[in-house]
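*Asks:* Residues per chain are reported as follows:
Number of protein chains: 6
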Amino acid sequence: MRILLANANTTEAVTEICAASARAAAAPGTEIVAVTPRFGPAVISSRAENAIAAHGLLETLAEHHAGCDAAILAVSYDTALAAARQLLPIPVIGMTEAACLAACLLGGRFGLVTFSSPDLYREVIAGHGLAARLSGIAVVAASPYDAASDPDGVAAKVTEAARGLAADGADAVLLGGAALAGMGGRIQKDVPVPLVDGIAAAVKFAEGLVALGLPKPQAGGFAAPRNRPSLGLGDALTAMLKRP
Amino acid sequence: MRILLANANTTEAVTEICAASARAAAAPGTEIVAVTPRFGPAVISSRAENAIAAHGLLETLAEHHAGCDAAILAVSYDTALAAARQLLPIPVIGMTEAACLAACLLGGRFGLVTFSSPDLYREVIAGHGLAARLSGIAVVAASPYDAASDPDGVAAKVTEAARGLAADGADAVLLGGAALAGMGGRIQKDVPVPLVDGIAAAVKFAEGLVALGLPKPQAGGFAAPRNRPSLGLGDALTAMLKRP
Amino acid sequence: MRILLANANTTEAVTEICAASARAAAAPGTEIVAVTPRFGPAVISSRAENAIAAHGLLETLAEHHAGCDAAILAVSYDTALAAARQLLPIPVIGMTEAACLAACLLGGRFGLVTFSSPDLYREVIAGHGLAARLSGIAVVAASPYDAASDPDGVAAKVTEAARGLAADGADAVLLGGAALAGMGGRIQKDVPVPLVDGIAAAVKFAEGLVALGLPKPQAGGFAAPRNRPSLGLGDALTAMLKRP
Amino acid sequence: MRILLANANTTEAVTEICAASARAAAAPGTEIVAVTPRFGPAVISSRAENAIAAHGLLETLAEHHAGCDAAILAVSYDTALAAARQLLPIPVIGMTEAACLAACLLGGRFGLVTFSSPDLYREVIAGHGLAARLSGIAVVAASPYDAASDPDGVAAKVTEAARGLAADGADAVLLGGAALAGMGGRIQKDVPVPLVDGIAAAVKFAEGLVALGLPKPQAGGFAAPRNRPSLGLGDALTAMLKRP
Amino acid sequence: MRILLANANTTEAVTEICAASARAAAAPGTEIVAVTPRFGPAVISSRAENAIAAHGLLETLAEHHAGCDAAILAVSYDTALAAARQLLPIPVIGMTEAACLAACLLGGRFGLVTFSSPDLYREVIAGHGLAARLSGIAVVAASPYDAASDPDGVAAKVTEAARGLAADGADAVLLGGAALAGMGGRIQKDVPVPLVDGIAAAVKFAEGLVALGLPKPQAGGFAAPRNRPSLGLGDALTAMLKRP
Amino acid sequence: MRILLANANTTEAVTEICAASARAAAAPGTEIVAVTPRFGPAVISSRAENAIAAHGLLETLAEHHAGCDAAILAVSYDTALAAARQLLPIPVIGMTEAACLAACLLGGRFGLVTFSSPDLYREVIAGHGLAARLSGIAVVAASPYDAASDPDGVAAKVTEAARGLAADGADAVLLGGAALAGMGGRIQKDVPVPLVDGIAAAVKFAEGLVALGLPKPQAGGFAAPRNRPSLGLGDALTAMLKRP
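Residue numbers (this note's numbering), protein chains in the order written: chain B, 16 to 259; chain F, 16 to 259; chain U, 16 to 259; chain V, 16 to 259; chain Z, 16 to 259; chain W, 16 to 259.
No wet-lab data here; the hints were simulated from the structure. Fair warning: there could be bad hints in the mix.
For identical chains, the list gives no copy identity; a pair is met inside one copy or between any two copies.
Dumping the calculated DMTMM-like pairs for lysine to aspartate or glutamate here, alpha-carbon to alpha-carbon at most 25 Å [unchecked claim]: (1) K257 <-> D161; (2) K257 <-> E175; (3) K172 <-> D183; (4) K257 <-> E27; (5) K257 <-> D84.
Quantities reported herein were computed from a predicted structural model and do not represent experimental measurements.
Model the full structure from these sequences, guided by the hints.
*Replies:* Take a look at the structure:
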């Protein structure tokens, strides 16, 4: 099985971090094909960048999905998730979406730890219809740079935040963003509820969906676009919209 | 990997139908251990039976989970799901819960076809916090007996109901209840959106959760009960509640 | 009028505390018949015990409701309330349900003070459709044992919690759990909003419903089960399910 | 016990219909004191009239509540309910509020049959936080005049509407408006779920609240207004606002 | 264009403050006609006064709307807004409604600073269906008298409250109540998100609606009342209800 | 005042239709500057095209907003609205957003008539937090081509749909999509509730917001992005993201 892992940021180092997480979670026989958009924001950190990034991500998916059995969006805001799901003939899963659904399978409510953009995460989760299962969001005062330069200090802050969320009713805690990749394994022993990694969850759900073999919708809002003209888009994306 | 598949009805024939679906969906190397409660309603069809069945199901889970890596509740009302999830040291997944979450990964909203009890299904789905993603419930005027005696007639009715739900905005359709097991494969070609089988979805999610290897919560409402005295329950369940 | 007061815990001392509250609230001519399940958890404190307790409670109701005009569930999680309401031919009222509805009649929003399990209370209240009227839940750091050994200290803590809820917008405060029985009378003078006792409220609502003389539903999800086979249940419950 | 039954319409005939229902439901020893506002709409049928009527109703309550133990608002839109509850030192109950809460005690969801103004009823019920328990509203094509001139024809229409609501998931049906007073007793035998009369329910809840003896809030939004100057209001109402 | 600005309090000084804000915001050629009710509470501060004030406000609107193109309700609880909208043949806008909608055009969520009655504001905003866009309400410990006697001290407190709301996710902050009129201009430079004045916003929305020239509804709950008899109301209001 | 009207479709004819509507609604002295993206879908009709179009729209806004006082997104799915609002230093308004808010000022609930994509409209409206004010969506079986070739036939269908929505509780009806531009004026006389044109409403709201002169947020999720590197975007957009 081949799973396309598409970043929506144009920073290849972030793609590689996510790809490593994905490969660690993949079953034997599952190949992870990691791709980075040709254009767009270096690192999405706000609504504007998130909207801009959608295009580059969809171009990338159009160019690289052939031969893959499923796609994972390796971006914590689930950028363009519904669009990608409609566009591609294969299952598409968002990493925060996957983390949320895994958390739903583990308990009643879940919390989220992030370095920034709590309002964006809240909107993403509400957009999945899961606002009632979100117990809270804890913002850790640190940056991705801190995570690299002072991993112990950041780990301590994330641990404290996750413990606080658990004390306030979270039955699981999501770690938001590529900067927290690998953090779960490091601090899980000090947190009394499971820490969910979105990339790993997405890989398992993708493998599961592929195995279920369900058909692509042929009607409704998730049926693929047909016969849609466009202007100035990449060849692969233009062709996907124009399919008869 | 061993997955315990526990019915909440005391009718073994229903257990066997679900077990067959589970085995068809299981990965090579996944063993399905199917069990039926020692006491309780023959077939749950209402709130009263559903509440009664919880006890027998939990006794069964207590007696049979040792040596298993995950458990699936093979009952379409997700009977005692949160209780079982709290009680057992292994992941527990409900079949309708799994169908809902799989449908969430496939599109925006989902519908459900059932022979009866639409209000119970609505409550179950609302209890999962997913009311906003339910587009509608279609009740087919048929019984499990009809499904056995007139499979073509019932298949036609279910097809019509599923097509109607798709026309009204469902991006996927759940088939509710063991009586509809196997129906998906039969009629999928005539329905323009994917038909989701809860048992199959639960098997894939269970395999995925086991692979993720997340720890059991040690705090909060899903931590296992400890040192809880009880009266007149089965030995295995009594012991689980009484663990220090 | 005879009102059946059924505990869902198997601890008779708890039944007696609730029965005393009920008798204090009952009108002249209302007899309280207090019963305790034959089996189940000693004191429900979690989802698992709550689900297990449903069966014993329903057996008890089946065995003892004859000759009674209404039933009250003397358990603060409203265990098996909908099931009991469907099963019995008489009105059935939960103690927390009653407290919530009484609070609705007194003001806009209500708070709740409890020793434990705020998530269970939140789910119970949300299940009643009243989440929007819950202003908050305050957990008092005390145990039922503290309530017995240091009543003044616990009363002070509960008073402080109730006053805090009032300051944050609660127009009434519910006292959750049998361990807080009688606390309302003791501390009401120090709390600026009414303290609602669920057992007392349930008694008055039960008396009122009996007087209204409304018929049992003959259709829908609360009509009594009919012709339902079962296995290994008590005689009375088996017979109720099997009624033609 | 004396219960003040205050109409918000200025049509005494409507007051009398409601008073008769109340007296039929009242316990021995409960006296119903029925009053009609001195000014305001003859019969409230819209938002504008409902807002205007609030003043006259509150004047009436201020003038007549002395010596009463509780008050019932005999107007199906629960006109000025929160205001009256804040203003008066005694419990105040709305007739549709009471019908909703009684229906909550009887099953999961309830429907409502009315001659007009479904949007007003929907807002009233949503204002009580109970939108999730409303299964639907059926508008019967008839007028209060038809109810008087062709009672059999109207009874048939209401029966059909109530049966339709039950078929669509209502576990109880509310009859909205004084024009439907007494209809419940007439058609209950032909409807498979209980028909709830708001006035009768309000009487029983009022009797129950009085018996509970809970104190008036001394803080928050339902504490009585104090030291509030006003201009040109009736003497009794002016005095109540001006209390020190 | 003439805009009727109607206070619901009977304190003319409050009317004048609001009228000054309105005139400052009005376009050249827009005339503000400010009116104060003949009777009612001096200053609305609770549910009871708010319900009483509705009548006087509607009398005032009935008496003064002729010759005006739109009306603004200069009262922060949007008193009788839906009623006035139904009654009058011209557009009617509430000042808090306008502030909320302006804030919606500026960002995702908004906060509100007030001296009192947070529960009333929460209900008003929820009544507009905008609860999900309210990030929080901050109550400043000050009175209208403080605002007049110690404007610097109050400005400092309001600034701190508004900054706190912004830090907690408000993209705009509403200043609730006439006592805060003019505060926005004074402290905006110290608050990082826009401060919205309801009167100013209402003026611009009123001018816009008038320019759009949309017709009054002729059907449904906002069509004007017709042929409605009443008792003891003012001549103008009586006549408006009685229109054929 | 100059208002930038930016289409998100790359079809200039659609831009011109919207610009004409905008100019008809604009105040004297308001100039409409209409622009069309350099690349993207010809006409957005689905989630995929909507996500792709965001980028081209934001490039266009970056290139053309200088010298403008506000921007209107002339696309009925409010494409990239929050992103544009964050990115630009001037107010940004979506045409469906504007239609919804105008409808909120006119009555309680609103309906929407569209040729297609009811699920997208529902998501857009829910994203604005206004789901509770949407009474329903009516899909007219017609295409933009029909609207051009058989205007009378389409007008009749839209009239019927709008009347149906009014009968079901809509106090105003939104006409969705550029293909329905101008339809409101044509059929308003046959529909009993106001028909709201999003472009016209957006123009009036934009003029109003400009007049209010509120500052751009300097903090939170709608503060402009700063110092954000990107790859391969247009010069103007790259520069806006990179501002210090």
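*Asks:* Hint by hint, note whether the structure agrees.
*Replies:* Verification of the supplied hints:
1. K257 <-> D161: between (46 Å within a copy, 22 Å between copies)
2. K257 <-> E175: Intra 51 Å, inter 31 Å, cutoff 25 Å: neither.
3. K172 <-> D183: Answer is both; intra-copy 17 Å and inter-copy 20 Å each pass.
4. K257 <-> E27: This pair counts as between: shortest inter-copy Cα distance 20 Å, intra-copy 30 Å.
5. K257 <-> D84: For K257 and D84, only the intra-copy Cα distance (22 Å) is at most 25 Å; the inter-copy one is 37 Å.
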